[in-house]
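Chains as they are written, first to last, in the working numbering: chain A, 18 to 859; chain B, 11 to 371; chain C, 46 to 298.
Bear in mind the hints are in silico, worked out from the structure with no lab data behind them. The beta carbon of each residue, even a glycine, is placed where N, CA and C say it ideally should be. Treat each hint with caution, since some may be false.
As the list claims (entries may be wrong) - Selected chain C positions facing chain A (Cβ under 7 Å, derived; list incomplete):
| hint | residue |
| --- | --- |
| 1 | Ile162 |
| 2 | Asp177 |
| 3 | Tyr210 |
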Amino acid sequence: MIATLLPAGGAPLRPVVLALLSHWRRHPVQLVALVVGLAVATALWSGVQALNAEARASYDAAAEQVGGGVPRLVPSDGRTLDQADWVALRRAGWPVSPLIEREVTVGGEPVRLTGLDPLSLPALTGLDLGDGPGQEDAEGDGGDGFASFILPPFQTLAARETLRRLGLAPGDRPVLEDGTALPALVEAPGIAAGVLVADVGVVQRALGLEGRLSGLAIGDDPRPRADLAEVTGTRLSRIEPERPGDLDRLTRSFHMNLTAFGLLSFTVGLFIVHAAIGLAFEQRRAMFRTLRSTGVSARRLSLALMVEILVLAAVSGSLGLIGGYLVAAALLPDVAASIGGLYGAEVPGTLALRPSWFLAGLGMAIAGALVAGTQSLWRAATMPVLASAMPEAWAVAQRRWLRRQGALAGAIALAGLLLPSLGGEILGGLVAGFGMLAAMVVAAALVLPVILAWALTQAERRARPGLMRWFWADGRQQLSGLSLALMALLLALAVNIGVGTMVGSFRATFTTWLEDRLAADAYLNARDAAQAEAIVASLEADPGVTRVLPNWHADTRVQGWPTEVYGFADDPLYRERWPLLDTVGAPWDLVASGEGLLVSEQMAYRLELSPGDAITVPGASGEWTGTIAGIYADYGNPRGQIRVDIDRLTALFPGVERRAFGVLTVEGERARVVGMLGEDFGLGPDQLRDQAGIRALSLSIFDRTFVVTAALNTLTLGVAGIALLTSLVTLSGLRLPQLAPVWAVGLTRRELGVMELARMAALSLATAVVALPLGLGIAWLLVAVINVEAFGWRLPLHLFPGDWLRLAVLAALVAAVATLQPMLRLMRMAPARLIAVFAAAR
Amino acid sequence: MRRPVGPWLALVASLLSLAIATSAPAQGYLGLGAAQDNGFAEVRPDRPISLPADHGAHPDFRIEWWYVTANLKGPDGADYGLQWTLFRSALAPEGSEEGWQARQFWMAHAAVTSADTHRSAERFARGGVGQAGVTHPPFEAWIDDWRFAHLGDGSGDAFSPLVMTARSDDFAYDLELSAEAPEVLQGEAGYSVKSELGQASHYFSQPFFHIRGTIVIDGVETEVTGRAWMDREWSTQPLVETQTGWDWFALRFDEDNALMVYRLRHDDRDAYVTGNWLTADGRSERLAPGEIEMTALEITEVKGRDVPTHWRIEVPAREIDITTRPLNAQSWMDVSFDYWEGPVFFEGSHDGIGYLEMTGY
Amino acid sequence: MSVTAPQRDIADDNASKDLDVRPVPADERAFLALEDVAKGYPTPAGRLDVLSGVGLTISPGTSVALTGESGSGKSTLLHLVAGLDTVDRGRILLEGRDIAQMREADRAELRRSRLGIVFQQFNLIPSLSVGDNLSFQARLADRYDAEWCAHLAERLGIDAALDRYPEQLSGGQQQRLAIGRALAARPALLLADEPTGNLDEATAEGVMALALDLVAETGCAFLMVTHSPALAERLDRRVHLTGGRLTARPAVA
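Throw the hints in and build the complete structure from the sequences for me.
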């Protein structure tokens with residue numbers, strides 16, 4: 018079958034391939050190493066790709082969701098609009114569709130309840146109302162998706178994710194906090210996660226808002242229409258949608274991180290494959306010579322080897338794809354949590370299989386196998402028929418190899434150092450940052466054997482001659498065979514340390530910042546402006562409350578960047594507690610005057626702004642140019658943020674929602690006030706949070722955000738363990754001639770086994786020691802270069818020596834686990850096998 | 011990810027057909043009435059047409075339409091045609107629910123035709139919320155910014171003058187209609203039988219409108235004048251299941267005489283052909299099945315279908331033997347439930363102009 | 046062919062022992078005594094009895110050549126004496142202790158402190174330098190004697206190559222190094238399995254002469270497997286293995 022794939026002519030390929038393949042039958046462990054290596058590499062890579070694809074698909078879905086992705090008309094007063102305005106606009110030729118939306122809780126879970134009218138502007142809704150009756154299936158029995166949606170008993174549409182989160186099944190009726198039951202649920206794939214969709218009339222009734230709408234979606238019908246002001250006066254304002262690319266742009270750095278991790282794992286896996294293919298080549302040298310001498314051309318031999326690699330790659334790649342799917346399915350909920358936490362984008366927790374993903378994964382596996390096998394293919398093509406007279410002494414060969422590794426490492430390190438200055442402009446800072454990271458990591462991996470060889474030589478020189486010297490010397494000799502696995506371990510450990518340090522530093526900074534930032538005792542979000550007014554009046558009359566501070570915001574775009582504009586009152590609270598990174602002379606006075614504003618760090622970074630600079634902010638009522646009074650940290654926010662005086666905000670955005678407030682209470686009154694707000698105004702947990710609650714929530718979101726990172730870290734370490742194990746298993750057979758004489762002159766098998774274990778532990782620990790500075794280098798790059806580029810915020814670097822110790826132990830443990838099988842095998846080996854070494858004439 | 015609009019609209023249209031028939035035939039488009047009346051009013055021969063009251067909506071009936079077609083000429087003598095139609099369809103008689111819960115649905119079609127182009131558009135709306143409806147008096151029928159309404163305060167009995175507007179992304183029109191002649195009743199005194207099985211509707215027409223105004227195609231305005239024809243029909247009963255479509259002619263012979271004929275096709279028996287001879291003095295004479303002969307002369311491929319665009323119509327009793335040809339054979343209504351509708355010319359024993367609607371091809 | 050004459054002509058003194066090949070009751074005073082040693086291996090064709098009741102005693106300082114056809118079990122017998130493998134039946138007494146009854150750790154101890162082993166394939170430790178290879182066993186047995194090692198190196202003609210690695214040596218040098226390693230711990234018994242089998246004739250002769258000299262110098266007993274009658278003639282005694290049993294002489298036609 019294989020032969021038919023290739024051009025005819027010359028010796029038939031089939032017997033050559035079969036001869037080559039016979040090797041694997043005799044060395045099943047090697048075969049397993051190769052297949053497992055490639056499968057694991059493919060699994061992690063394709064798993065990450067599947068996660069990325071799933072997330073991107075859900076961003077697209079989010080951009081297309083009900084009322085999303087299109088401009089809207091909203092009430093200028095931030096409340097609701099009269100349905101009559103909608104009719105008036107329709108009759109004036111406006112292609113607008115009514116929307117009514119509220120954040121509600123169902124069974125304690127927050128969801129968005131959206132009411133819409135599918136008839137008036139269907140193109141906007143993006144709804145799949147199920148299989149309609151079609152022209153041939155006009156059964157009025159409720160099986161008709163469209164009719165069922167707009168006719169009693171109605172339907173509530175939700176994505177499967179939402180149903181799962183609510184713990185409800187299709188057919189159940191979701192119940193709002195006030196006891197109102199919505200129509201029976203129907204699972205609808207077109208609905209964004211976290212949204213319940215029902216007919217506009219149904220939602221109006223459920224919310225007690227008959228005849229009221231929260232906004233109008235505007236369709237892209239180009240027909241001429243009346244001027245908005247002529248129809249509805251100033252009652253409605255137009256707001257632009259988030260651009261479809263926004264989520265993509267905002268989450269790009271996150272996905273780049275994931276991709277970098279996937280690539281790292283893939284590389285680590287290729288190390289295994291490279292080792293296995295190389296070993297198989299060495300062991301088949303004699304066979305190649307025999308084949309060559311029987312008339313198989315070098316070209317044909319290479320071709321046969323390539324066919325062999327392709328076949329193995331296809332098999333392993335397919336296995337890897339299965340693994341990749343499982344990895345992705347297992348990680349998806351965490352990725353969803355991360356993306357939700359970082360960017361507020363909902364990603365469903367189920368994985369869709371995409372053919373493009375399958376093909377790309379398989380292609381990657383084959384390409385990887387070919388790259389890993391290039392050296393062997395090259396050698397097979399250029400190998401002389403006759404063996405060279407005398408094999409070179411291993412020490413000499415090793416010395417030359419190490420020199421080459423060192424030189425290559427130096428070159429790559431140099432390239433990495435030059436990358437930002439040479440390619441930074443072309444590649445962009447983020448890519449250049451990752452490029453530097455890659456160069457540093459690869460250079461360090463290449464230089465690892467050099468360092469280990471040096472260390473082992475030192476140890477050997479200092480060791481008493483005899484057993485201990487042999488212990489080290491043998492380690493040095495094994496280095497050539499183990500170096501790839503140890504490099505893999507180095508990468509895994511260093512990335513663990515690097516990412517761990519980055520996350521730890523971030524968390525420490527975040528915690529402190531949260532402490533300062535959450536200055537008010539409680540934060541509330543009223544249901545609507547009317548309720549807000551009532552609440553504020555009640556709080557202001559409450560002797561237990563010292564201050565009620567507005568916390569309103571509107572969205573805009575500053576120089577194309579999605580930006581939140583927050584308004585706040587001039588209050589000692591901010592002056593005393595709000596941390597500013599950089600300021601002009603009297604920042605708070607400048608802001609209070611209405612002429613100044615504060616910008617977030619990432620926004621200042623992106624737009625290259627400094628205190629004292631002027632910045633123009635587009636508002637609903639026109640543009641306003643203010644002076645930057647200060648820069649503050651705003652960790653975790655992918656958008657830009659601006660803070661202005663509350664009066665400036667309302668001037669700029671007359672329609673801003675006036676529902677959010679911070680409440681400061683008299684010492685000891687907090688609990689009572691919070692309780693009163695809950696009871697008197699029916700504020701649920703989503704609308705009312707005390708400081709501690711927000712802090713806990715923020716930290717839990719933060720922690721969930723990095724669960725994926727931790728999981729990938731662990732997996733990478735696992736791959737390194739597999740690399741180590743496969744290397745040791747393949748080496749263990751080769752090592753018998755080295756071990757048998759030592760056994761013969763008076764060491765027990767047990768002693769040999771223990772020494773093997775101790776040697777691996779020593780090598781792994783040495784690798785861990787090298788990994789520490791590398792890991793800190795990675796952490797520095799992440800914090801000082803990549804984070805700044807990706808998120809726009811700088812972090813102080815904190816060190817966590819406890820983690821390093823834990824990792825060192827983990828490294829030794831990984832080594833021990835990897836060594837265990839070969840060690841036990843050695844300990845239990847029949848003496849006859851060791852004796853055979855002496856008898857073998859070969 | 012955005013769904014194409016077409017299939018979705020098919021759902022909407024099918025909802026309308028759902029309102030009509032519990033088990034609509036394949037091309038059962040806007041049939042009449044329903045199997046069970048569910049509280050709807052019945053179509054009965056003894057219910058007389060009462061004008062001007064019957065210009066308004068009949069929400070007690072399941073289905074109803076206001077259907078205007080016009081044959082027009084531009085200043086250079088070029089021929090045009092246009093259509094303005096508003097359909098009302100109810101799942102329940104009006105009054106049972108209000109607001110968004112009202113189970114009245116509205117659909118509208120508009121089109122303009124010239125010798126080299128045919129433009130069509132459609133609109134959908136739910137009743138009860140004001141987006142579409144018909145009030146009377148004064149008479150006003152609307153959906154979004156499409157309108158057909160009495161000009162002035164609407165006092166007086168005359169259904170004239172009127173304005174008619176519609177607008178889509180590639181065409182628009184704005185015209186005034188006036189009538190000197192009274193409306194004429196179709197069938198037997200407005201009771202129009204649709205098959206031998208007795209399905210029927212209430213049906214009257216105004217074939218003698220004068221019309222003038224502006225049509226706009228791709229931004230090019232043209233002043234037009236001509237004659238318009240309005241059909242008003244409402245019913246509750248469905249058409250029979252085996253009905254596969256119809257071919258309907260509104261033909262104007264001269265200032266005072268017009269002919270309406272239609273052929274309801276069935277897949278299990280001969281077509282049901284009937285019509286009325288209408289005169290400007292208000293008289294209407296029914297032509298019973300057997301009195302009219304309709305023969306397709308020429309088939310044109312329109313949108314991948316074979317559509318008979320040229321016809322021969324014979325009414326021996328009145329010595330009528332004419333052949334018709336379309337202004338534009340490609341007058342295809344590219345809407346959710348698509349059909350052919352456009353202006354025609356006829357010659358033979360008589361010369362004249364008119365409109366042809368054909369469904370089910 | 047110049048052979049350094051042994052200081053004591055053991056062969057003459059013990060000529061009568063050439064006949065002592067019967068299974069004899071254990072001589073507790075014998076240095077090495079094999080009693081009714083049997084060993085077989087499972088093969089696809091059934092069990093193959095390689096040794097079926099071998100008896101042999103060797104006095105301290107005696108050199109014995111063990112000859113036999115290929116596959117006659119010479120190497121097996123040597124491995125059993127070395128404690129690398131275990132008997133199915135019988136006893137192997139070295140200095141009065143039964144190797145067969147020893148735990149693996151004791152056998153290893155015995156190997157490193159009382160035995161020296163030289164294989165046909167040299168079987169040096171590739172990761173260690175020549176010098177470290179030479180002293181390896183002695184150090185392992187904690188019997189390292191710098192002077193003795195230096196002497197051995199000089200005698201073996203490898204003193205200039207002590208910092209090199211075994212694979213950088215010629216075959217003859219490697220085998221001399223193997224002999225040196227085996228003798229560095231001053232074993233009581235040197236075992237050699239076709240020590241010159243991998244060498245050309247001239248080199249083999251030089252290596253053999255050196256080996257015999259050093260054995261004599263060390264004063265250890267010497268059991269050598271060889272297929273060369275000429276080589277066998279140079280040892281004190283010769284025993285022949287055939288059909289799983291020892292005979293005094295090869296059954297020459």
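Checked hints:
Hint status for Ile162(C): holds, given a least beta-carbon distance of 6 Å to chain A, under 7 Å. At its closest, the beta carbon of Asp177(C) sits 6 Å from a beta carbon of chain A; the interface hint therefore holds under the 7 Å criterion. At its closest, the beta carbon of Tyr210(C) sits 5 Å from a beta carbon of chain A; the interface hint therefore holds under the 7 Å criterion.
This entry satisfies every hint, going by the numbered hints stated previously.
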